[in-house]
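Heads up: the protein sequence lines correspond to chains H and P, in order. Position 319 of the first sequence, counting from 1, maps to 319 under my numbering, and the rest follow consecutively. Position 82 of the second sequence, counting from 1, maps to 82 under my numbering, and the rest follow consecutively.
Treat the hints with caution; some may be incorrect.
30 Å max Cα-Cα, derived BS3-like pairs, lysine-lysine [what the hints assert, rightly or not]:
#, chain 1, residue 1, chain 2, residue 2
1, P, K75, H, K4
2, P, K97, P, K84
3, H, K4, H, K382
4, H, K387, P, K17
5, H, K177, H, K102
6, H, K382, P, K208
7, H, K236, H, K223
8, H, K387, P, K208
9, P, K84, H, K382
10, H, K385, H, K4
11, P, K97, H, K385
12, H, K14, P, K97
13, P, K208, P, K75
14, H, K385, P, K75
15, H, K385, P, K84
16, P, K128, P, K84
Computed list of chain P residues with no C-beta within reach of chain H, every gap over 12 Å [what the hints assert, rightly or not]:
#, residue
17, Y19
18, H23
19, K208
Going by beta-carbon spacing under 7 Å, a handful of chain P positions derived as facing chain H [stated by the list, open to error]:
#, residue
20, I13
21, D55
22, Y72
23, E74
24, K75
25, A78
26, N82
27, N93
28, I95
29, K97
30, P107
31, Y110
32, K114
Worth flagging that the hints you see were computed from the coordinates, not collected in a lab. Using N, Cα and C, we set each Cβ at its ideal position, and we do this for glycine too.
For reference, the chains in residue letters:
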Amino acid sequence: MSFKMALRSIGSNKLRAVLTMLGIIIGVMALVVLVSIVNGATRSVTDQMSALGSNYVEAYVWSYGRKALTMEDLNEWVESEPLIEAVAPDSQDSSMVKYGSKSQRMTIRGTTPAYYEINGLQLETGRFLKNADILNGSRVCILGPSAVDALVGYADCVGDEISLDGLRYTIVGVLGKSDSLMYSGYGDNVIYIPYTAMVRQFPNVAEGINNFYATAPEGTSMKEAEAAVRAFLSEKVGTDEWGNENYYVYSMDVMENAMGSVTNVLSILLGGIASISLIVGGIGIMNIMLVTVTERTREIGIRKAIGANRGTILRQFLLEAVVLCMMGCAIGIFLSWCILRLANVVVADMSMRFALSGNVVVLSVIFCFVIGVIFGLYPANKAAKMKPIDALHYGG
Amino acid sequence: MIDLHDITKVYQIGDEKVYALDHVSMHIYPREFVSVIGPSGSGKSTLMNIIGCLDLADAGVYRLDGIPIEDYSEKQLARIRNEKIGFIFQNFNLIPKLSAEENVELPLIYRGVKASERAERVREALDKVGLTHRAKHLPTELSGGQQQRVAIARALVTRPSLILADEPTGNLDSRTSREILDILMELHEQGNTVVLITHDNDIARQAKRSVHILDGRLTEVAL
Ligand SMILES: Nc1ncnc2c1ncn2[C@@H]1O[C@H](COP(=O)(O)OP(=O)(O)OP(=O)(O)O)[C@@H](O)[C@H]1O
Ligand SMILES: [Mg+2]
Numbered sequence: 001m002s003f004k005m006a007l008r009s010i011g012s013n014k015l016r017a018v019l020t021m022l023g024i025i026i027g028v029m030a031l032v033v034l035v036s037i038v039n040g041a042t043r044s045v046t047d048q049m050s051a052l053g054s055n056y057v058e059a060y061v062w063s064y065g066r067k068a069l070t071m072e073d074l075n076e077w078v079e080s081e082p083l084i085e086a087v088a089p090d091s092q093d094s095s096m097v098k099y100g101s102k103s104q105r106m107t108i109r110g111t112t113p114a115y116y117e118i119n120g121l122q123l124e125t126g127r128f129l130k131n132a133d134i135l136n137g138s139r140v141c142i143l144g145p146s147a148v149d150a151l152v153g154y155a156d157c158v159g160d161e162i163s164l165d166g167l168r169y170t171i172v173g174v175l176g177k178s179d180s181l182m183y184s185g186y187g188d189n190v191i192y193i194p195y196t197a198m199v200r201q202f203p204n205v206a207e208g209i210n211n212f213y214a215t216a217p218e219g220t221s222m223k224e225a226e227a228a229v230r231a232f233l234s235e236k237v238g239t240d241e242w243g244n245e246n247y248y249v250y251s252m253d254v255m256e257n258a259m260g261s262v263t264n265v266l267s268i269l270l271g272g273i274a275s276i277s278l279i280v281g282g283i284g285i286m287n288i289m290l291v292t293v294t295e296r297t298r299e300i301g302i303r304k305a306i307g308a309n310r311g312t313i314l315r316q317f318l319l320e321a322v323v324l325c326m327m328g329c330a331i332g333i334f335l336s337w338c339i340l341r342l343a344n345v346v347v348a349d350m351s352m353r354f355a356l357s358g359n360v361v362v363l364s365v366i367f368c369f370v371i372g373v374i375f376g377l378y379p380a381n382k383a384a385k386m387k388p389i390d391a392l393h394y395g396g
Numbered sequence: 001m002i003d004l005h006d007i008t009k010v011y012q013i014g015d016e017k018v019y020a021l022d023h024v025s026m027h028i029y030p031r032e033f034v035s036v037i038g039p040s041g042s043g044k045s046t047l048m049n050i051i052g053c054l055d056l057a058d059a060g061v062y063r064l065d066g067i068p069i070e071d072y073s074e075k076q077l078a079r080i081r082n083e084k085i086g087f088i089f090q091n092f093n094l095i096p097k098l099s100a101e102e103n104v105e106l107p108l109i110y111r112g113v114k115a116s117e118r119a120e121r122v123r124e125a126l127d128k129v130g131l132t133h134r135a136k137h138l139p140t141e142l143s144g145g146q147q148q149r150v151a152i153a154r155a156l157v158t159r160p161s162l163i164l165a166d167e168p169t170g171n172l173d174s175r176t177s178r179e180i181l182d183i184l185m186e187l188h189e190q191g192n193t194v195v196l197i198t199h200d201n202d203i204a205r206q207a208k209r210s211v212h213i214l215d216g217r218l219t220e221v222a223l
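When you get a sec, could you build the whole thing from the sequences and use the hints?
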């Protein structure tokens, strides 16, 4: 009933109502459209990046001298576990490396061919490890870009021999500098050799796998993959005598993390700007409500004379302000929807899709409601406080 | 039910003090029909606004049903205006945006009456003043007499025990005034207390009791 009254008094001056709502409409549109576009763009970038296969789960295992985890365990597991696509061990040691006249201590990593994909490496020349290298324990190696700089310089070294602690290895490939986010973090002053060759040459690696990477097949979330890794390790490695886990699992959803923080900053920034325009819209509403209250002073007097109390009048004008705000909000959301549809047509070939984000819609509805209440309260209270006789005699 | 004792209302206009009511004492009993007459500016409206709880006196005691008016809360006063008192103003005071029936319905909404019962009572009240056929019209689409009848319907729709009419016929021709007065007389016969303000002696003579007011001072008139 009072809702109908509010709608009517808003409807009695449509032009003014629309102009008043304009502030709210623009504010809501700014909020919804900007945040939705940021979300859409982020999603598209994230999708493209994760299609490159840069998401993985990393696990550390403490073996305490026993052979906790072997290559066979991993191979068996990856065969039977549908949530895991590929797995690559990562064993490290250091060794004295000699190439020609140069020699230097360097990190050696023993792994399998899957490592290349999982960590998003890029070859400059030659090849990475092959399955045959693993089966045979071939003494081949691949140099990281910094290792090339340090040992070789600019010459083409594929096919040359290199010695690790006196044992000869053939260089079969050289890695390029990668822009891959996680790769640069590890440094690239590294020499990769087959895991089996590593086990044979470095005695402390023979204790078992301490570190491995796993990826999930497309469509599986990293959370599920991480859970699968945990389940596997809890069965294989278990806990120590005090109940602490003998392993540590870390899910590297790189793009999601990086883009997530960018999106958050952008969303907060844009949301902040939009909120300011919403507040400005709210001030517009307060302004008009004050005018309305003054214009309708006599009406307020009449209402009080026939039995409206302070609360009734307060509610009436507050409701009017809130309805005004919510109508602006609804129109703003509708227009945002139209704009986003339009944007989708425009960027159709850019594999980007903008959708009205539910969260932002809910947020703007709440925000508009709060603004309606805050900026409606003062005018409504002014109306409610009027003395009946003064109001009745206002302006004649 | 209404007991005014030494009521004084003073308006300060510049340096001058205007006594709109000057130590007025008066008693109105239930079911009385009292007319208040006096020239323009004598304080009639001021008196009625105080009786109707729209205004407060500057001095004196106003007891409504035995309780001093200051002891009522704002909410209780609103309730009294809604349930106990029906106002009829000289200038009708209808809400221009609302149709005749919506104007009449408003006091019932404030009272919290159910929609179905509201419709019933609004029809009844409009029927009483003979305006059923104009129910959907806005005040601007009605003549002065019709507007005043809507205002009367609004005043009596809550079945108040006290009807306060402030020059209800002041803006109307004599034939329409007659009709309005007949309605008021009828209400009185049905058991309502009616206070009728007028500056017309002929009209005042209709009442059983008449008081005269001049420069804010009150005298009983023997009829
Ligand atoms: N709000 C006000 N401010 C100042 N003076 C006022 C106010 N209201 C009334 N008065 C003064 O009080 C006196 C009584 O006014 P009131 O309205 O009661 O007269 P009235 O008898 O109803 O006159 P009328 O027959 O013209 O309606 C007048 O002299 C008027 O000037
Ligand atoms: Mg008057």
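Violated hints - listed by number, lowest first: 6, 8, 13, 20, 22, 32
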